[in-house]
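The chain contents come next:
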Amino acid sequence: MTAVTETAPAAPPASGLVATLRHARHVIGENPVTGLSFGLFALFLIGAVIGPWIVPYDPLESDTAQALQAPTWAHWFGTDQVGRDIFSRVVVATRLDMEIAIFSVALVFVVGGLAGVAAGYFGGWTDRIVGRLGDTIMAFPLFVLAMGIVAALGNTVTNIVIATAIVNFPLYARIARSEANIRREAGFVQAARLTGNSEMRTVLTQIVPNILPIMMVQMSLTMGYAILNAAGLSFIGLGVRPPTPEWGIMVAEGAAFIVSGEWWIALFPGLALMLAVFCFNLMGDGLRDIIDPQRRT
Amino acid sequence: MSAVPLLEVKDLTVEFSTRRGIVQAVEDVNVTVPKGEIVGIVGESGSGKSVTSYAVMRILDRVGRVARGTITYTSLDLVGASEPEMRDLRGREMSMIFQNPRLALNPIRKVGKQLEDVLLQHAQADARDVKRKAIGLLEQVRIARPEERYHAYPFELSGGMCQRIVIALALACKPQLLIADEPTTGLDVTTQKAVMDLVVDLVRARGMSAILITHDLGLAAAYCDKVVVMEKGRVVETAASIDIFQAPQAAYTRKLMRATPRPGITLHDLLPEETPAPTPKAPHQVGEPLLTVENLVKEYKRQAPPPTLKGLFGKKPEPQPPFRAVDGISFTVNKGESVGLVGESGCGKSTTSTIVMRLIDPSGGRILFDGQDIGAVPARAFALSPLRKRIQMVFQDPTESLNPRYTVSRAIADPLLRMGGFTGGARLRDKIAELATMVGLPLELLDRFPHQLSGGQKARVGIARAIALNPDLVILDEPTAALDVSVQAVVLNLLQHLKETLGMSYLFVSHDLHVVRLLCDRVIVMRQGAIVEEGTAEQVLEAPKADYTRELISAIPHPPV
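These protein sequence lines are chains Y and D, in that order.
Reading the first sequence from the start, the letters are residues 1 to 297 in this note's numbering.
Reading the second sequence from the start, the letters are residues 1001 to 1561 in this note's numbering.
Hints in this document: simulated from the structure, not taken from any laboratory.
All of these numbers come straight from a predicted model, not from anything done at the bench.
Yeah, the Cβ is synthetic: ideal placement off N, Cα and C, and Gly gets one too.
One or more of the hints may lead you astray.
Said to hold, decoys possible - Computed Cβ-Cβ distance ranges for the label pairs, DEER-style: (1) Arg-25(Y) with Thr-1332(D): 53 to 61 Å; (2) Leu-1384(D) with Met-274(Y): 51 to 59 Å; (3) Leu-1368(D) with Arg-25(Y): 54 to 62 Å; (4) Arg-25(Y) with Phe-1323(D): 53 to 61 Å.
Unchecked claim - If you want the footprint, here are the derived chain D segments under chain Y, 3+ residues with CB under 8 Å: (5) 1168–1181; (6) 1374–1384.
As the list claims (entries may be wrong) - Part of the chain D face toward chain Y, derived, beta carbon under 10 Å: (7) Met-1057; (8) Arg-1058; (9) Ile-1059; (10) Arg-1388.
Put together the whole structure using the sequences plus the hints.
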């Protein structure tokens, strides 16, 4: 062997999961904003998973003797017009709002992402159909379209999920399309063709994993939008119905009382909504850094 | 030479703060640029040559800072100068040409207007004579028909032409010092000669000084008065360019010189002196034809002109004939033979290799591989053909050709899993280790991602992937174009060694005749989609028949020996 080995840059030879976790810790520690957003997210997750068991009151139990009380030590966030504990309702509502957001984003990620990748990679008719479908959806005011879909399909949580997914479809399809299009002729994609991968395999093993980082940012951003959308639909009376605890409904109910000085009914669920959207928006960049191997230097 | 140098860099140390602490990019660098001289800074990637020039221009990244040393321009201290002072100096006193001329130009502004912007900003012209001056500048950089080109957008001009515009921009304010950072990398060898001749003529005519930063020792020696050789952030040698070539002092300079392909040497001569000579190879076995290309044609439709109102109602314009990227070429590659396909960018060599590789379909002609017409199988379906594994390719850019999300072992495993009948487990691991050893890749690198590897290591991964299935024909598409010369020397030797061991045939696509000569038995020279000359490597280089080949050979920079 005549070859001379050149020196390698120093890098720790760590294996898959350990390296990912270590890298995640680094990313979260490096940027306090990322750390804050992940902390908030963990808080929301805890609320969603064990919320119903840790809250001090039954979120549905009304106690008219205690109605419309300002925040006290007994009722941290006060009580509403029928005497339900607002703190308990805000915490319990986390699960429903998170479910709607996560399911709708997962749905649109799979459907919109794959449609966009196919459009960008194969071009031609696939591209035209996916593109025009996206244009059609974008032609409507998105919230009005979501309202229409829920009104037409029926007033259920499943339909809120579907409507939120549909209005987000063009965003995902367009991003995935342009990212796939850039990489269609990349060297490693050509190399994959040479090593005998079928077109389908090439798309799934070469293109899709490489556009995940940017899709991750998009997912995080739309997660916030999905929560707002669901709350918005409930606010105007579509989707989730009272007395189910849900942030949008609670804000809607509380709105009527602000004029008479009972600000806490609308404020606290609104604050939870705001924090959730804020948290998802901030999380995007951190997620991208964790998932992108190029950042692991 | 005047007593006071124009620019003096003394004991310069530049530090970058990174995630792993502080890294010294350059350490105790001394460079002196006397008035009216051209100084070359030569080194391989990571040697700190660009960082030095950035420090002079004070355009270091935010994380970089000058830790020690002084930079004196005439009598001005550049390290301590304030940002407004520097802004005034840049352009007026010193200016810079970058590697990629297209990135340096505003893509949506006419080149003439861009020149005018610079002239006006530095008060070199006023509204009345600015256009005349801009056209004058275009004339000076030898752009034909300057009045017409004044209205051109950068995308309408070739790479060499864009670099001339950038030079015109850099010289617009009559600076005293010009820093050229790899000004011709990525340009064809004939364009490189034209651009470098132009730069040197202009610098000499104006009595300016210049710093030429390059990885090419030959280029630096051909155009510079003095050469500074850098390695890993330190200056290892400073000497007049004549002396550097006749009596290189530092070991690194000698190594760099040896690794530069030049006439009259063999592949092994490229490696450092202490490398053991290869075992004398058996007499060359060239068998029957493996690949026969007959009358290959690739046509592309020209873009239709934008519709006009007249065009809509009046007579339809004659459709333009399609553009012929490959214009009816025929050649043969025999078993065990290396054939070089040489030409400048746009000559159709890459199109030809991509068609032979069956990644795109030809418009006409036949491609016979081992007696079977593989041109008849559509490119889309060829991935599943049993012939697929017998034709493989090593790509030009080792970075771009590796999936950033695959580890090294996963990348090498891909062909084995798809076509080699491997399913994983210990057998696959052993085979990957065997391939890695064959291409000289340390086994502990197998779990790394491409971005954690050096350029040479990435090239090895690409080669290991290509030879994994023992192909009969490997197409090498400028496999060393993105590598440093010393790495190139090693990779070329590795390719030769693998060919002798495995009995493969190579189709080597390159623009560099010297490199091609080292590896190939026969050379085909292409121009504008057609073959202009074909013959053994010695014939074509020593006694070229076609004028174009002669032009190509003479454009390669010659050191002043």
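Consistency of the hints with the structure:
A hinted range of 53 to 61 Å for the beta carbons of Arg-25(Y) and Thr-1332(D) is consistent with their spacing of about 59 Å. Separated by about 54 Å at the C-beta atoms, Leu-1384(D) and Met-274(Y) satisfy the suggested range of 51 to 59 Å. Take Leu-1368(D) and Arg-25(Y): their Cβ atoms lie about 58 Å apart, and the range 54 to 62 Å holds. Taking the beta carbon of each, Arg-25(Y) and Phe-1323(D) are about 55 Å apart, inside 53 to 61 Å as hinted.
For the stretch 1168–1181 of chain D, the assignment as covered by chain Y is violated, since 0 residues bring a beta-carbon within under 8 Å of that chain's beta-carbons and 3 are needed. For the stretch 1374–1384 of chain D, the stated coverage by chain Y is satisfied: 3 residues place a CB nearer than 8 Å to a CB of that chain, which reaches the threshold of 3. Contact between Met-1057(D) and chain Y, as hinted, is not supported at the beta carbon level, the nearest pair being about 27 Å apart and thus beyond 10 Å. Interface hint status for Arg-1058(D): violated, as the beta-carbon distance to the closest one in chain Y is roughly 27 Å, over 10 Å.
Residue-level restraint check for Ile-1059(D) is violated (minimum Cβ-Cβ distance to chain Y is 23 Å; threshold 10 Å). This hint holds: Arg-1388(D) has a C-beta 5 Å from the nearest C-beta of chain Y, less than the 10 Å allowed.
In summary, the structure is inconsistent with hints 5, 7, 8, 9 from the numbered list given earlier, while agreeing with the others.
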